[in-house]
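**Q** Chain by chain, the residues run as shown.
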Amino acid sequence: MEMNDKKVIMQGDKLAKVFGHGSGKVTAVEEVSFKFFEGEIASVIGESGSGKTTLAKILLGLLRPSSGNFSFRGKEVDMSSFKKRKAYWQDVQAIFQDPFSSFNQFYKVEKVLRDCLSLKGVKASRDENLGKMKEACRFVNMDFDELYNKYPFELSGGQMQRLMIARIFLLNPAFLIADEPTTMIDACSRSTVMDMLLKLKNDNNMAILFITHDIGLAYYISDTIYIMQHGRIIESGKAESIITGPRHPDTKKLLDDVPKLHESWGL
Amino acid sequence: MEETILDVRDLHTCYRTRLGETVHPVDGISLALNKGEVLGIAGESGCGKSTLALSLMGFYFPPLRFISGSIIIEDTDIMTLPYVRLRKDYLGKKIAYIPQSAMNALNPTGRVIGFFEDILTEHRKNTGRKQVRRIVEERFEMLRLPRRALNCYPNELSGGMKQRIIIAISTILDPDILIADEPTSALDVSSQRAAINMLLRLIKEGYVGSMIFITHELPLLRHVADNIMVMYAGKIMETGTMSDIIFNPIHPYSKALVSSIIVPEKGIKSISFPSIPGAPPNLKNRITGCRFADRCRYDTADCRLSDIPDREWNGRKYRCILDRRTLEGEYGNE
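Protein chains in written order, with numbering that gives the first Met the number 0: chain R, 0 to 266; chain F, 0 to 333.
DEER-style ranges, computed between Cβ atoms:
#1 R:Lys13 to F:Asp225: 49 to 57 Å
#2 R:Glu37 to F:Ser269: 17 to 25 Å
#3 R:Val121 to F:Leu18: 39 to 47 Å
#4 R:Phe18 to F:Ser67: 50 to 58 Å
#5 R:Asn204 to F:His11: 50 to 58 Å
#6 F:Leu199 to R:His20: 42 to 50 Å
#7 F:Lys124 to R:Val17: 48 to 56 Å
#8 F:Glu20 to R:Glu145: 18 to 26 Å
#9 F:Ser69 to R:Phe18: 51 to 59 Å
#10 F:Arg324 to R:Asp90: 49 to 57 Å
Keep in mind that the hints were calculated from the coordinates and are not lab data. Note that the coordinates shown come from a computational prediction; the quantities given were computed from them, not determined experimentally. Note that CB positions come from ideal geometry on N, CA and C, so glycine has one too.
Isolated chain F (complex conformation) (with noise of 0.2 Å):
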């Protein structure tokens, strides 16, 4: 029997905005993260991915407000705890985060290692700065991280050199559950390699626990995710084990977004691409129905009736109102 670790039950959040008017980007998500295991989350620009890393870490600031459902970490739930149990036992020890932006995510006026200290000091008492040295130099160790950019200002080293650290500061408390959000999209390609190798091996080597990974990159959930999640206005679309969604399948929107894959494979340039019609919805606006159906070629006049329930199929869950057989019937026809 798999370990549940992380236990997320229909969580609503919402941005405020400066009028008045509430965004909802995620709207009733749930999901299961079990020990050991790589959550693919995959969505284009304004889905809700990042907002749903932010509102997992139970880190609420305005405009961000949370609304309702439970985060349930080992039997608690998190948004019930005072904040500050909150951040002293929870955040960074049981549940970490990986910022996008490599590039402005550390202070430009420290050396790299004061930003360990700062953790591990306040952390684990008792940590003298000489420990902390010691520490942080086994970890390094272990990730092939060169020594000495730990004296470096973070203006001195390179893009992909700066997110493999901002890896290694966020999993320094070994945290069960990491969250990475989009940790490489602002990286070349055999930077992206190495960041990605180095998240791969702290999971292997029992530092990180489990983790779920966001990205808009099919292709690299393919080489790490065990599971994925396509999310698609806030709701999640379909679910499904890594194989299952992107080399079957059967949500309309999963589909084009498996269809968007570039890779240098041959055969591929004799594929056009079609594009997605239209454009994401407007979250401010109250969706009854299914959130694609404007842009989904499949759709009927029933689908913006009613919410779409989930379907269960074979381990796997989507969310159309057409079921599994119909779909797959219409893409053998194209």
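Looking at chain R on its own, in the form it has when it is part of the complex (with noise of 0.2 Å):
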């Protein structure tokens, strides 16, 4: 890849994840080398089973690669104790796939957001607070007032990943893993939370890590783009170019099969 003049946020270098043994063995992510930077938006497209949430699951700290290692900002991330972890859990955070398994059922809206400002560990009066909770609910167009009250399962799908997204806003980490936050919400729903992916990118200038199966949301929002199969990355580099000239004939395969608007789709 070229240089860049942005520096690195999470560097991965031959990472690799095995489950089971013996026979039984699965290898989910094979020699993967990455390099993020700050203040980009990298996607990592695969078919299911390509390895793309187990990859998530590594850099967030939820799963102990098997060989290899990744560093964030230049240092070794060590996950050995609790303290270490909360530590880097405040840099790195995530937004997973299914919203409605997010969120503690019991917890109200206020509860969890106001849960994110603790874990900020930043001391401020109440009314400060609120302010900041009501601003995050403004980010993601959504009325403070009228959800705070609410549990998650009265929210649909759409509301439910962007309180995620608020949450983000609170937290505001350097980093983002995004692990398909799209699939299980409607297409308009889903050019909404693209947008405010986008927002977050470009005014708190967050890194985000976008995994996804779709090759025309990735182009949408990303700069970079890692094509996975297997375990492996076949193909990488900048958005615009892998969607002109795909070289792997696997990464057309994934550009061939969505549907596109002015192109016939081969059936």
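Mind assembling these two chains? They're in different frames, but the hints should get you there.
**A** Here is the structure:
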């Protein structure tokens, strides 16, 4: 990849993850290396079962890689104690695929947002906190006064995913992992969520790792694209160059499989 | 002259909640489906698409209830038929349904061949197990599905394969009308293409007469549907041919839907996607006037006064208080 004057925020070196052993051994991620830059959106694209989510879990510290290592802001990530993990999670946060299971169902919306502020560790008055929570809700086009007393199950999928983004807005991490945030919500909310992610990048200079199987979404949102298959990265480069000139046959196939408006789909 | 095989007139259905409230997700829907036609129904979540699909099956179980209207298949209103006859003669043969969730539609304790056996031995008397296997194997060959899948349990299959098998099960009796309720929403792009390919092949080879395809993915409808209906809050907002709706929508809601499409084409990066403000209305409350008025950019005071009639132009129908010229003028100004 060409040189970039931006600072590297997350770097992986030959990461691998193997599940099981013996004959039931599955290599989910195989020798994956990457460099994510500050204030950039990078996308990882692949079919189901290509190891995208496993990679996300490794980067979040939820899974231990079988081999290889990754560093955040130049330092190798240390997950050995809860304190260190908590410190890491102040800088690295995630939005998951399924909004229905991302929230604690016993917590009201207000508690969800208030917890973000306490995780940040900022001491502020009640009114200041309230103002911040209202601002976060405004950021995602929601009304705090309408929502604060509701439980997550009272919200629609799109609303939950937007609430998740409101959380991210409050936490303001340096690196966000968005693991297929738009697959479970409908097309209208999808474009809204995409726009909010772009806004986070532009306003807060957040680096985002966007994981998806839809190359169209990835192209719209990202600066850099990584194509994954069977746990390996088979092609990577600038979004523009991958869409206009895919080199690997499987990238071409991924691109062909997405229905387009102005070209025939070859059915 | 095109032959209409499904004619729905002014269908009203409701959900009766535990607290005795009624919700009206299908509120006066009329549609006609011609032989060999693929009709797409588009709309966001919660607009009543899936309820419409269930209602069309004539198969009402609580909390869903039928209020009024008629569903006419070949000159027979299926809502006037006794339930036993409806089940025996219509469901599966005349009208079939593909459910949305591939992941949990199959009973995990049975082999795939068992589902086919259940259907075929019930609907075609004197069909033995060997015959069933022969029929199903032929069908699998035609659909290019692997034969070994027949002996698998559902948990041994991938999501895309499960969905394709559900499509095969739904269409094994060669229905005249197939209602596909978001058949690909849980799949990745490659499996989606395979499933769509299979559906279209079923129509092309004449196993399935016509199809109603329900989805929120407009790029899919672009390639699948002949005509598109845009639904919002229980009402049809606009009806037209595929190219009319996708490339030249009239109604402000269709316009907003179409402009939320993200496809990997040149120039998409420079577009910003304005979100539709607000949320769809609560269908518990009776709404007078246009249902989209609260979220519409072009709303006027008159929008909320009385029900908006359908306007017709050039074979298209749209439900808006403003006429086509005014709306096009407004779009042109932006």
